[in-house]
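Listed below, chain by chain, are the residues.
Number of protein chains: 2
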Amino acid sequence: MKAELLAIGTELLMGELADTNSPFLASRLPPLGIDLQWATLVGDDPEQLTGAFVRGLERSDVIFTTGGLGPTQDDLTRDCIARALGEETVVDPALVQRLEDIFRSRGTDMPPRNIKQAQLIPSAEAIPNPRGTAPGWWVETKGRIIVAMPGPPVEMQGMWQDEVAPRLLKRDRGQVIVTRNIKTNGLSEALVDELISPWLGRENPYLGIYAKPDGIHLRIIAKATDPENAWAMVRPVETGVVEAMRPHVWGFDDETPEQVVGSLLAAQQKTLAVMETCTGGQLASSITDVPGASAYFKGSVTPYSKEAKVAAGVDASIIEHHGEVSEETARAMAQTVRMTLGTDYGLGITGVAGPTEIEGHPVGLVFVALDDGNQVQVQQHRLPPRRVTIKRRAAAAALIELARVLKGGAMNAGRDD
Amino acid sequence: MKAELLAIGTELLMGELADTNSPFLASRLPPLGIDLQWATLVGDDPEQLTGAFVRGLERSDVIFTTGGLGPTQDDLTRDCIARALGEETVVDPALVQRLEDIFRSRGTDMPPRNIKQAQLIPSAEAIPNPRGTAPGWWVETKGRIIVAMPGPPVEMQGMWQDEVAPRLLKRDRGQVIVTRNIKTNGLSEALVDELISPWLGRENPYLGIYAKPDGIHLRIIAKATDPENAWAMVRPVETGVVEAMRPHVWGFDDETPEQVVGSLLAAQQKTLAVMETCTGGQLASSITDVPGASAYFKGSVTPYSKEAKVAAGVDASIIEHHGEVSEETARAMAQTVRMTLGTDYGLGITGVAGPTEIEGHPVGLVFVALDDGNQVQVQQHRLPPRRVTIKRRAAAAALIELARVLKGGAMNAGRDD
Numbered sequence: 188m189k190a191e192l193l194a195i196g197t198e199l200l201m202g203e204l205a206d207t208n209s210p211f212l213a214s215r216l217p218p219l220g221i222d223l224q225w226a227t228l229v230g231d232d233p234e235q236l237t238g239a240f241v242r243g244l245e246r247s248d249v250i251f252t253t254g255g256l257g258p259t260q261d262d263l264t265r266d267c268i269a270r271a272l273g274e275e276t277v278v279d280p281a282l283v284q285r286l287e288d289i290f291r292s293r294g295t296d297m298p299p300r301n302i303k304q305a306q307l308i309p310s311a312e313a314i315p316n317p318r319g320t321a322p323g324w325w326v327e328t329k330g331r332i333i334v335a336m337p338g339p340p341v342e343m344q345g346m347w348q349d350e351v352a353p354r355l356l357k358r359d360r361g362q363v364i365v366t367r368n369i370k371t372n373g374l375s376e377a378l379v380d381e382l383i384s385p386w387l388g389r390e391n392p393y394l395g396i397y398a399k400p401d402g403i404h405l406r407i408i409a410k411a412t413d414p415e416n417a418w419a420m421v422r423p424v425e426t427g428v429v430e431a432m433r434p435h436v437w438g439f440d441d442e443t444p445e446q447v448v449g450s451l452l453a454a455q456q457k458t459l460a461v462m463e464t465c466t467g468g469q470l471a472s473s474i475t476d477v478p479g480a481s482a483y484f485k486g487s488v489t490p491y492s493k494e495a496k497v498a499a500g501v502d503a504s505i506i507e508h509h510g511e512v513s514e515e516t517a518r519a520m521a522q523t524v525r526m527t528l529g530t531d532y533g534l535g536i537t538g539v540a541g542p543t544e545i546e547g548h549p550v551g552l553v554f555v556a557l558d559d560g561n562q563v564q565v566q567q568h569r570l571p572p573r574r575v576t577i578k579r580r581a582a583a584a585a586l587i588e589l590a591r592v593l594k595g596g597a598m599n600a601g602r603d604d
Numbered sequence: 188m189k190a191e192l193l194a195i196g197t198e199l200l201m202g203e204l205a206d207t208n209s210p211f212l213a214s215r216l217p218p219l220g221i222d223l224q225w226a227t228l229v230g231d232d233p234e235q236l237t238g239a240f241v242r243g244l245e246r247s248d249v250i251f252t253t254g255g256l257g258p259t260q261d262d263l264t265r266d267c268i269a270r271a272l273g274e275e276t277v278v279d280p281a282l283v284q285r286l287e288d289i290f291r292s293r294g295t296d297m298p299p300r301n302i303k304q305a306q307l308i309p310s311a312e313a314i315p316n317p318r319g320t321a322p323g324w325w326v327e328t329k330g331r332i333i334v335a336m337p338g339p340p341v342e343m344q345g346m347w348q349d350e351v352a353p354r355l356l357k358r359d360r361g362q363v364i365v366t367r368n369i370k371t372n373g374l375s376e377a378l379v380d381e382l383i384s385p386w387l388g389r390e391n392p393y394l395g396i397y398a399k400p401d402g403i404h405l406r407i408i409a410k411a412t413d414p415e416n417a418w419a420m421v422r423p424v425e426t427g428v429v430e431a432m433r434p435h436v437w438g439f440d441d442e443t444p445e446q447v448v449g450s451l452l453a454a455q456q457k458t459l460a461v462m463e464t465c466t467g468g469q470l471a472s473s474i475t476d477v478p479g480a481s482a483y484f485k486g487s488v489t490p491y492s493k494e495a496k497v498a499a500g501v502d503a504s505i506i507e508h509h510g511e512v513s514e515e516t517a518r519a520m521a522q523t524v525r526m527t528l529g530t531d532y533g534l535g536i537t538g539v540a541g542p543t544e545i546e547g548h549p550v551g552l553v554f555v556a557l558d559d560g561n562q563v564q565v566q567q568h569r570l571p572p573r574r575v576t577i578k579r580r581a582a583a584a585a586l587i588e589l590a591r592v593l594k595g596g597a598m599n600a601g602r603d604d
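Protein chains in written order, with our numbering: chain A, 188 to 604; chain B, 188 to 604.
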């Protein structure tokens, strides 16, 4: 079933409001076997909106809309659907009654203009909206479906979960789409592309490559008549890709580096402490995004000056001899914080986040040290010279390396460009 | 000038990645007098993408695209522009040279696949991209413009600011729209609405109210034939609103709390240190997102356990008597870190980020302490019980309060629910 989304509202085109409804719906259509082909922002303009519906009815089996169901003059969704279908809007007494009840429960009378929200067309059925005044429209005519939902995300998501998704599930689903996301780190996009080229370029199962702050993601997408067959198409590709990519695979699907590390530490009842400079608190903040992190994360220090490093217990002479940005200082930071907080593992990160060089080192040079209590390994990274990117990627690299070791990988020192 | 946006990438249609580029561009077109009519997500499908360009060339004066400029097989933007215009892609030696230099500076050879990124068509000119490997395309032919930009927001936004916006500015403009964003904190939306009611309800200049994580934003939008006249309409409203809202105004336009605090500390040559628990590194990470933060930020401690707090120098008896989540412990944290790192200001944050209560305190209770060297003020917040929201909003509240004091506001203790 071919689908398209229309997110309606001039405020979206003006950039005053970000459209969060389309990403929400886009992520929920594939499991229903609905193939989203277009997603468009349309302003509150009668001609353009009517035109969008006319074109949508030509090229799509189902049109999902969000927004434009309010009571004001620039809420045009209902009128434009009617125009596109050549039908007349009529006021529905039952819907009027419901609106009057809502306003009475709020202790006021219904403003006359809200009568708009009681309109229907012959081929439309009202979709209940217990979270707001605007009912949705389920329009079904000439083999096409239009589902009009309110713009406020809470109302739209509630209507989707309670009403729209269940109705769509009941229909003959045709194809279902399943996806498997494989997360890798430490290789360039082009290198990954070469390693997995045997599986690239196929329509179904489809293999996509996405560069993310935590590395390269490989997503396998399969379409079939039922989930079992779809997964049967995914598995061999997954096995082959994981085989070709190890040891660079660190997670699957929606897993984050901090979640992977968190569940490994919790399962092994190990603890972690962190000392970070160029990541400036990003590493600690990622770790503590995970609920329950206090079970294994004992704390962090962000010594943003030489004095602060010494105050945190780092041997001043090491900084003197080797510099703040050095393998030795990273090593000392990991060891010091691990001993101070008495944890099983210690991570130390020092580097140059920019905007200027430090001690002659270029922006993007980062040292990541991991102390497991027996030995310390240090890895050197050269990251793109952008401050926020350096923070995110260095923090992710540290967690991914810790995950590798927690999974039984050997401690080692190395480069990773 | 009629414009449309194409955000390119199957991952956007699959809902795997939210399109942040379109909102960014949408918000920046009105000041250039460019009228955005359509914004569409298109998947990595040659037919659909080429079709989108063909239709765009029919109905729009300028087409902005983001994404699909990478080196992999499903990066199709260049090919589809060429097909839509009936032109052939050719490899540009200068661009090849640039790519080889980039990879050499990263210590590797250019993977063969990246040669794609050195392609041009006769009517296309390369747009420099110092932040990544993919140059943009500026295509101008038959009275139409296509501007193809990379998908990674950092690269796209940089290319927009350094290259695309300046070129568009040089062109003849129609009606100009300018906006001024006033950021406030500490008042409910309803209260703000009352305070600024004299300016509400006008068409031009228009005043909008938007609730954001860092407080209530007030946006003034004016339309005129040229920027001077538009700004002349904005100024009186801005003056009136700021007058009515102070001392709740903390920033303007795209300013973040960490930027405001950063420039105030730098200008006053003051320094800051932080000790945070429930924000888990988020506060330090926000502060260090600002280039040059090392001039005023001396460091932070994230003691995620009682032992870690004591190791950081917090008086154990205070924690014993009053608990880890208490006004007194927040106060001690701010004082301790300020003294340890010898800074002018110290911030201390303790609270309950969830998922479970601490010492009988509910999720969302947060104490923020500010030590200015003479006295310590503590504010109590009750935030929505969502972990990441608590981290963000508590960190923002601490910075906004410090900004108020740095602007000469009085130190005080208060509640903010």
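Just so you know, the hints here were simulated from the structure itself, not pulled from any lab data. Keep in mind that the hints are not guaranteed to be accurate.
Identical chains blur together in the list; that is why a pair holds if it fits in one copy or across any two.
Said to hold, decoys possible - Under the rule of at most 27 Å between Cα atoms (straight-line distance), these lysine-lysine pairs were calculated in the BS3-like manner: (1) K493 x K189; (2) K303 x K189; (3) K457 x K303; (4) K329 x K399; (5) K189 x K357; (6) K399 x K594; (7) K493 x K357; (8) K303 x K410; (9) K189 x K410.
All figures in this text were calculated on a predicted structure; none of them were measured in a lab.
Results of checking the hints against the structure:
1. Within a single copy, K493 and K189 get their C-alpha atoms no closer than 60 Å, and across copies no closer than 55 Å, so neither meets the 27 Å cut-off.
2. For the identical chains of this complex, K303 and K189 are neighbours neither inside a copy (30 Å) nor across copies (32 Å), given an alpha-carbon limit of 27 Å.
3. Proximity of K457 to K303 under the C-alpha cut-off of 27 Å is found in neither arrangement, the shortest distances being 50 Å within a copy and 47 Å between copies.
4. In the homo-oligomer, the alpha carbons of K329 and K399 never lie at most 27 Å apart, since the shortest distance is 43 Å inside one protomer and 37 Å across protomers.
5. Taking the shortest Cα distances, K189 and K357 sit within 27 Å of each other inside one copy (17 Å), while across copies they are farther apart (42 Å).
6. When the C-alpha separation of K399 and K594 is checked against a cutoff of 27 Å, the pair qualifies only within one copy, where the shortest distance is 22 Å, while the shortest distance between copies is 39 Å.
7. Within a single copy, K493 and K357 get their C-alpha atoms no closer than 60 Å, and across copies no closer than 48 Å, so neither meets the 27 Å cut-off.
8. When the C-alpha separation of K303 and K410 is checked against a cutoff of 27 Å, the pair qualifies neither within a copy, at 41 Å, nor between copies, at 30 Å.
9. For a Cα distance limit of 27 Å, the shortest separation of K189 from K410 inside one copy, 13 Å, qualifies, whereas the shortest one across copies, 38 Å, does not.
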